Amino acid sequence: MSVHPEIVTKVREIIEQIAGRERTPRDVGPATPLGDGSWLDSVELVEVLVACEEAFGVVFDEANEIDSGGLETLGSLAHLVQTKLAKAERVP
Amino acid sequence: MSGTPAAAAPGAFEPGMFRGPRVLRPLTPVLRRVPRPLAAGTLAGLAIADGLCRRRRFLLASEWAAALGRRGVARWRLAFALLANHGRFVAEEMMLGVDDLADLRQEVVIEGADHLRAGEGGRILLGFHLGPPRTAHVLQAFGHPVRSAGRLQDVADDARWAAARQAGAAVRLPGGIPLGRAQGLHRIRLLLKEGAFVYLTADGPFGREAFRIEVPGRDLVVRVGWLMLRRFTRAPVHPVLSYREGGRRVIVVHPPLPVPEGDPANDAEVCRAALTPLIQAYVAAHPEQCRYLAFPRWERPA
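If you're matching them up, the sequences are chains A and B in order.
So the first sequence is residues 1 to 92, counted in the working numbering.
So the second sequence is residues 93 to 394, counted in the working numbering.
Derived by calculation from the structure, the hints in this document are not laboratory data.
In this text the structure is predicted, and so the values were computed from the model without any measurement.
In this text, a Cβ means the ideal position worked out from N, Cα and C, and glycines have one as well.
Among these hints, one or two may not hold up.
[Said to hold, decoys possible] Simulated restraints, written as ranges between beta carbons of each label pair: (1) Ala205(B) - Ala86(A): 42 to 50 angstroms; (2) Val351(B) - Glu22(A): 29 to 37 angstroms; (3) Glu22(A) - Arg364(B): 23 to 31 angstroms; (4) Ala251(B) - Gly37(A): 28 to 36 angstroms.
[Said to hold, decoys possible] Within a straight-line C-alpha distance of at most 30 angstroms, the following computed DSS-like cross-link-like pairs (lysine-lysine) qualify: (5) Lys10(A) - Lys285(B); (6) Lys87(A) - Lys10(A); (7) Lys87(A) - Lys285(B).
[Claimed, not checked] If the Cβ cut is set under 8 angstroms, some of the chain A residues that face chain B in the computed set are: (8) Val3; (9) Asp36; (10) Asp41; (11) Val46.
Start from the sequences, fold in the hints, and give me the full structure.
See the structure below:
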């Protein structure tokens, strides 16, 4: 399932806002890892989740969706957001 | 995902789940069969002998005592008390002599238990690496609906811990790679939103530093994870301190920290101001129980 580019862009903007532009790699894309320690720390990762909830109007209320890879890359997080929006029938 | 909100989960644990240092594993079956005081006394004696033989731990204990202003005989007395405390700590960490978690209720006094009444929303019970271990499990043994969060090192192959995690009775906050720790923090956030009480420690080796609390000899480094959880969930945060006094263990559940206001930096400062007198008073009163301050294992936070 491909992820809508608008969602990827918005997620990227959210992450950049939390990490700061100076700490954001130049070549960020859907495959960029989020949780390997090269970009965000653990608290920032949760801050990203909360910011995504607010920005997209979704709720990450199941631990499994995060445990099973939802935070591994920018693309997987965007995919998770898209899945949540699809459930709520609000896909852009 | 986590069972009934705020449900007590003592049934999720059994004493054999709590392993000790690898070096003690050959002795563990024997140590588990002897009464608790004897097991604790044996490890206290071994810790003193180890400290004297290998010297490094004894020198650290002696330095700690000197930093606290102890001189002459008082310095050596505190150094030996620290070594003995180290052994007792390990015995309690392994739950030696504990046949059933209900045994943990023996010789325990809980002050401030009113703060543990269920039904008033999620709460963070904020522990520190001071005093005896396994505070969350002692509270569970009294029927308090407390979940514990921690590194859960060296238990990956233990199905009992997997079951405890699945039930939401324990949350793993591994060190190292941020992803695993973020998953744990997210899970705690969900538990707090469901109304659970979660015990986690403010200090430790992992996570970004929030602030330091000055104590003689070594600052206590407080991490930022619990501050983030409190900000996002608005869960009250109760500092929990525990100490040994004679033959009993005292657990003090303090009133909640001030409600978070303003930006994260301001909130951290408010919490630092509230926690500093508690920690400084603890160190002054129970210096022999400050194992992690005296024997620092965490020189390089990841």
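Structure-based check of each hint:
no.	hint	in the structure
1	Ala205(B) - Ala86(A): 42 to 50 angstroms	holds, 47 angstroms
2	Val351(B) - Glu22(A): 29 to 37 angstroms	holds, 33 angstroms
3	Glu22(A) - Arg364(B): 23 to 31 angstroms	holds, 27 angstroms
4	Ala251(B) - Gly37(A): 28 to 36 angstroms	holds, 29 angstroms
5	Lys10(A) - Lys285(B)	holds, 26 angstroms
6	Lys87(A) - Lys10(A)	holds, 19 angstroms
7	Lys87(A) - Lys285(B)	holds, 22 angstroms
8	Val3	violated, 19 angstroms
9	Asp36	holds, 6 angstroms
10	Asp41	holds, 5 angstroms
11	Val46	holds, 5 angstroms
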